[in-house]
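**Q** Given next are the chains, with one letter for each unit.
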Amino acid sequence: MLTNIISISLGAILINNFIFSQFLGCCPFLGCSSKVETATGMGLAVVFVMGLASAICWVIDQYLLVALHLEFLQTLAFILVIAALVQFVEMFLKKSVPSLYSALGIYLPLITTNCAVLGVVLLNVQNDYNFLESLVYGITGGLGFMLAIVLFASVRERTEFSDYPECFEGFPICLVSAGLLALAFMGFSGMQIF
Amino acid sequence: MNIKKQFKEGLITNNPVLVQLIGMCATMAITTTLFNGVGMGLSVLVILTCCNVVVSAIRKIIPNEIRLAIFVVIIAGFVTIVDLLLQAYIPALSDALGVFIPLIVVNCIIIGRAEAFCQKNTVGASFFDGIFQGLGYTLVLIVMCVFRELVGSGRFGGGLIDITNGFRITMDGTGAGIQLFPSDYGATIMTLPFGGFITLGLLIAIMQYALKKSAKKKEAQEMADKEGEE
Amino acid sequence: MNKILKLTIVLFLVCAVVAGVLGVVNELTYETIEEQNRIKTERAYAAVLPSDGYEEVAFDEEANPTIDAISKCTNGAGYVVMTTFSGSQGKITLAVGVDNDYKCTGISVISHSETSGLGANAASTAEVGVNWRAQFVGQDDTVALTKNGGSIDALSGATITSRSITGAVSTAIKAVESLG
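Chains as they are written, first to last, in my numbering: chain V, 1 to 194; chain Y, 195 to 424; chain D, 425 to 604.
Source of the hints: derived by calculation from the structure; they are not laboratory data.
Hints are not guaranteed to be accurate.
Stated by the list, open to error - The calculated lysine-lysine pairs, modelled on DSS-like cross-linking and capped at a C-alpha distance of 30 Å, are:
hint : chain 1 : residue 1 : chain 2 : residue 2
1    : D       : K464      : D       : K427
2    : V       : K94       : D       : K430
3    : D       : K430      : Y       : K254
4    : Y       : K411      : Y       : K199
5    : Y       : K406      : V       : K35
6    : Y       : K254      : D       : K427
7    : Y       : K314      : D       : K430
Could you put together the complete structure from these sequences and hints?
**A** Here you go:
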């Protein structure tokens, strides 16, 4: 059991990193990574929502959709749950934890369309994870996203001042640096987990 | 109705991936064989066109406050329909694209077009917008697939083309493609995530270069015209 | 309050209509999808060990948690084992043919989520995949990668995928042996 959890965590953070090996969540990854500070905020918000979404969607999937043989409604149900969840989290934080809200607030609405969140929920179903495994996969997948976006933001802060061909300005240079980071992350793919 | 302008916008000047810079996750993830690229592109085209038509048809009766929620529900509906149809009739494609088919729901292209175009335009215009934007997306996918496959494994048309018994198009993803040089000499790195990032980066850079150049040319032309008048 | 009620009703109606349409489409495609899955499994079975029919047999599920099913060939050629195990990226489902001398007659990857261009070559219909899978024909339960003293060459850049498939083939043959 414990080895299973450890292997899921390490897999989600390093080996099968959501950004660098599965390409999930690229839009916010490229959009919110110009500063380390914003990247950290976005990363934390994603960890939070991915963990919650994994847990809640697992329950809904098991006790509502599978139980009633409505598996074909999975995509529809999950995206609605995620959208509603993000709204609730936003309202809850605003009322009860204003300090956290001011830190994460502006990133929360963006998360609804983050494909890493819907992706993790669908992958939980595909991999037949149980409740604990889903929760762990959600949280560690979010941590992997956060690691990627914070690393990438520090790279971007430097490329700002470097000299590159004019036509590479903006997205292209970001994509090239992300590619190099992905190459670095590939080094983890040789890791054997027991 | 300006179909010609819409066509040019969708494919080149306002291309969803290269200019609007949206819907990139799947673009980088699945462009490893031509079969995947064409399949994904056409799936998005169909879903985008259907959603565009429905959204523009009901644009006047949906309350403004919950329009995004309704768009998402409609999109999720069409995505699931396409997902089920693929599972039933082209299972190889459904296997190859895996989780990226349901993930079309959160592909910004579709919700972006619904919000930016279909809300304000007629059903007919939205229909053509869906087709042309979808074609623009497919075009980028095809270019990326061809490049990555060729450099990565020396192949062209993997999964889609079979030449062992004469030329034919395989719909079940079994075609081995045309081997242009032995795959051992290919740079496997291009088929890996790294290749996805780099190829898309280069494509957007080329696009920016071309757009800038044509803008400059236009400017120079205008300047010349002015001088001529004087 | 009236406004909220109206919005709720509209959203509910839209959801209901979409769900209804999906229900119909699901009803229409359900049988075809089942049929496709059946054909896929059948093809995989026939590819690893041809027979005119297959009969599922009981096995020790406690001792072999990775094995989904073992089927006996009705023509007496041997057994086909379906097994699902962890690869390098996710679960891999594999059909393994085992003859009466407990030798592997072939393997076929039914589903996987390995890295395209590396681990995914194990399932590829191109030469590289076909040649790699052919190495397993005639192997017994001591099958192992050359790195570990066996005779299977790992796929380049995909040692983990190769190792987990090799391990699964060995487990499958052992499971058939334990049937007696």
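**Q** Compare the structure with each hint and give your call.
**A** Hint-by-hint comparison with the structure:
1. K464(D) x K427(D): violated, 52 Å
2. K94(V) x K430(D): holds, 26 Å
3. K430(D) x K254(Y): holds, 16 Å
4. K411(Y) x K199(Y): holds, 20 Å
5. K406(Y) x K35(V): Distance of about 27 Å is within 30 Å: holds.
6. K254(Y) x K427(D): Distance ~17 Å between K254(Y) and K427(D) Cα, so the pair holds.
7. K314(Y) x K430(D): Within the cut-off at roughly 23 Å; holds.
In summary, the structure is inconsistent with hint 1 from the numbered list given earlier, while agreeing with all the others.
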